[in-house]
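Could you put the whole structure together from the sequences, leaning on the hints where they help?
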Amino acid sequence: MARFEVSGKSVQGVNLLRRRHWASRLDLWPFLALYVLWLLVVVPALDFTDALVVLGVFSAFHILAFLFTAWLNKLCSVTVQVKDIRAANACKVTPAMFSGSKEIVPLHIQKTVASSSATGEVEEIYFDFRKQRFIYSSEEDTFFKLRYPTKESFEHYIKGTGYGTDAKINTAVDKWGRNILFTLFMLFLFESTMAKTRLKTLTELRHVKVDSQTVTTYRCGKWVKIPGTELLPGDVVSIGRSLSGEDKSVPADMLLLAGSAIVNEAILTGESTPQWKVSVAGCGPEGNLSVKRDKNHILFGGTKILQHTPDKSINLRSPDGGCIAFVLRTGFETSQGKLMRTILFSTERVDICCFDKTGTLTSDDMEFQGVVSLKDEEELITDANKLPLRTQEVLSSCHALVFVDNKLVGDPLEKAAIKGIDWIYTSDEKAMPKKSGGQPVQIVHRYHFASHLKRMSVVVRIQEKFYTFIKGAPETIQERLVDLPAVYVETYKKYTRQGSRVLALAYKLLPDMPGHLVEYFLEKPEWQAFPTKSCLQKHHLF
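Take the sequence shown: its letters are residues 1098 to 1639, numbered as in the working numbering.
Wrong hints could be hidden among the right ones.
Claimed, not checked - Calculated cross-link-like contacts (lysine-lysine; reagent style BS3-like; alpha-carbon spacing at most 25 Å): (1) Lys1409 with Lys1389; (2) Lys1516 with Lys1527; (3) Lys1409 with Lys1319; (4) Lys1293 with Lys1345; (5) Lys1392 with Lys1345; (6) Lys1516 with Lys1551; (7) Lys1532 with Lys1504; (8) Lys1483 with Lys1532.
Rather than coming from a laboratory, the hints here were simulated on the basis of the structure.
See below:
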C-alpha cells in the first residue's frame, strides 16, 4: 500500500516515496546536457562575454528547476512513489486540515534492541515531522505518534525503578532522543528572545523617563525654577500645560492644592479617556489622604497634562499661571516608578500571565438604549422625545466631559447619553437641547466620580434655581432615595442580566447655594430614572 492513514491529530496521511538516483533526476541530467552543449558549441561560437550570458541563463533555469522540486511536492523529478515500505526511503506527509502544506521527509529504518518481553533485535521504521516522531506498526499496518508514558496506571509509576541496564538506556535514547539537544535549542531560543525583549523594554523605558524640564517651585519664600529631577517630597510647585502646547510629563506624584487639570493617564492605566483632577480644597482639613481613595486629587508622575485651570482665589499665586501642587513622591516611589520596577524585576516571580481580550467581540462604540422611569411604566423608553424633561437634564449635565483643543473628550458612556437624548454640551459647561422645549442647564460645580462611593454629582443652575443631579450605581443610589419605587431592585437587575450597563439617576431641588456641603446636596434626593447603555457587537464576527 502506497498510502497510510496516520493515528494522530497533526498528520492526516503518508505516501511512500523513494528518492531517484541522481542520474535519473529531471532537475540534474537535462541541465548537465545543456552545460556540455554550452561548452562544446556555445563557447567556440561566441565571444567570452556572450558565452557567460548564455551560461547565466542556463544556471538561472537550473536554479528555478531545483527550487520547484522543493516548492512543489507534486513534481516527480526527485522522488518516485512505491508500494513496499522497505523499498521507500522518504515519505510525503499530508498534515491535518488547516495545519500547513505537504512536506517530504526522510523515512528511517533501523535495528533496535527488543524490549524485555522479546529477544534479539527488532526493525523500527519511523519518520520525524515537525519535531514529532511517527513509528510504523506492522500489526496495524499504519503509523502512530510516538507514545510517552503519560497515561499509565498509578501502580505503574509507583513500581517504576528507572532504567536498569545500559541497553535499556540506549534504547530509550534511540526512541525518544536526548533531551539536552532540545534543552539547548530552547535555551538559545528563549535567551535570545528574552535579551531582545529586554533591550526593547529598556529602550521604551528610557522614553518614559522624567523629562528634563524646569519646574517652578516655591522655596525660601519665593518662586524659583529648578530641574524636575531635583524635586523633593514636600515641595510646593506650579504645574500645568506649557504655553507652547507641548505635552510634558508630570515629574513626580503631586497632590493638587488649587486649580483643576485634565490629565492623560494612559501610560499608567492603558485607558485613553482623559481624567479630571480637582483640588483638595473641598475635602475639609480633618480627613487623612489616601492615595488609592483620593486619586482624583493626585497628579501621578509620568502622566501628561492636557489642560489646566488655575485657582485665582488662592493667596499663593504662581507666576506662570499653573496649578498649585504638593510633591508627594519622587523617583522609583512614584506610581510610574513602581510600574518600572514591576517591569524590570518581576520576571523571576511570575508564574502565570493573563491577557485581557476586551474589544474582541464588541466594538468601542457605546449605544444609548433608553430610559426606564418607573413612574408611568416599567418598560424601556427608547424615544428621546418621550423622556421626562428632568431626566434629559440629568443625563446632559451629570458627567465629567470636557473640551480639550476644541474637542469633546471623556467617557464614551457619557458621550453616548448626550447623543442619545439629542442634546448638546458647550465649552462653557452648559447643556441645552438641540430643539426647543427646554432650558439651558449650567454646571456650577462637579463632585467627580469616586470608586469607593460609586457615584458622582453636580450642582447645576436652571434659570434661577439650583439643583443637585446624582448619577451612580443603582445599589448606591437606592440607599439615599426619599421614595424608593416598589420595583426598583427588580427592574435594574432585569436589565443588568441582559448585559446592559445600568445607572441610576436622582435629583434634588436646593433652596439656596449652601457652599460646599456635599452631604446636604445628596441627602434624600428624588428618584428619576434608569438609563441603560450597551456595547455594540462586531457583526462581522458572527
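Hints versus structure:
1. Restraint check: the Cα-Cα separation between Lys1409 and Lys1389 comes to about 28 Å, which exceeds 25 Å; the hinted pair is violated.
2. A threshold of 25 Å between alpha carbons decides the hint, and for Lys1516 with Lys1527 the separation of about 15 Å falls inside it, so the pair holds.
3. Our distance criterion of 25 Å between C-alpha atoms is met by Lys1409 and Lys1319, whose separation comes to about 18 Å.
4. For the proposed pair Lys1293 and Lys1345, the alpha carbon gap of about 29 Å is over 25 Å, so the pair is violated.
5. Proposed proximity of Lys1392 and Lys1345 is supported: the alpha carbons are some 20 Å apart, at most 25 Å.
6. Between Lys1516 and Lys1551 the CA atoms are separated by roughly 24 Å; this keeps the pair inside 25 Å, and the hint holds.
7. Taking the CA atoms of Lys1532 and Lys1504, the gap is near 22 Å; set against the 25 Å cutoff, the hint holds.
8. Distance check on the hinted pair: Lys1483 and Lys1532 sit about 14 Å apart at the alpha-carbon level, within 25 Å; holds.
Checked against the numbered hints given earlier, this structure breaks hints 1 and 4; the rest are met.
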